[in-house]
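A.B. asks: Mapping to the working numbering: the sequence shown position 44 is 703, numbers consecutive.
Everything labelled a hint here was simulated from the structure, so no lab data went into it. In this text the structure is predicted, and so the values were computed from the model without any measurement. Check before you lean on any hint, since a few could be wrong.
Listed below are the simulated BS3-like cross-link pairs for lysine-lysine, each with C-alpha atoms no more than 30 Å apart in a straight line [to be verified]:
1. Lys665 / Lys694
2. Lys736 / Lys768
3. Lys727 / Lys664
4. Lys702 / Lys780
5. Lys665 / Lys781
6. Lys680 / Lys665
7. Lys736 / Lys780
8. Lys680 / Lys781
9. Lys768 / Lys665
10. Lys737 / Lys768
11. Lys680 / Lys780
12. Lys780 / Lys694
13. Lys702 / Lys737
14. Lys702 / Lys736
15. Lys737 / Lys780
16. Lys768 / Lys781
17. Lys664 / Lys781
18. Lys736 / Lys697
19. Lys680 / Lys768
20. Lys758 / Lys665
21. Lys727 / Lys665
22. Lys664 / Lys780
23. Lys737 / Lys665
24. Lys702 / Lys768
25. Lys680 / Lys727
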Amino acid sequence: MSENKKVLVAEDSSVIINLTKNVLLFENYEITAVKNGKQVLDKLAEADYDLILMDINMPQMDGIECTKAIRALNDPKKAAIPVIAITGNYKNYSMEDFKQAGLNDYLQKPLDYDLLLSTVKKHLGPK
């Protein structure tokens, strides 16, 4: 049996973190949650992840800045991790803005948890 896929959730809202964890844990994903982009980079230095759910508006380092930093990492595997933006301000950005930053996809808030799950599965492939 293959091991569970590891998802890093970067989100400053505890409510969204808890709901997202519950949805993904139900599908046997292994979840780690952090509150800002700097913590994402710290976690990536310590461990490998299969996918990152990235809030765009976070304190210390926002999701766009953090994604650009991930894409610039020396480790080619980590630099290529699928990153899905989560944003309530999607109208402030176009998909082109997200692509230029290196984001693979985006989900708008309030989150549709069926769409969240299908988007995660789309980028991770079958378990």
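A.B. asks: Could you work out which earlier hints the structure fails to respect and list their numbers in ascending sequence?
C.D. replies: none
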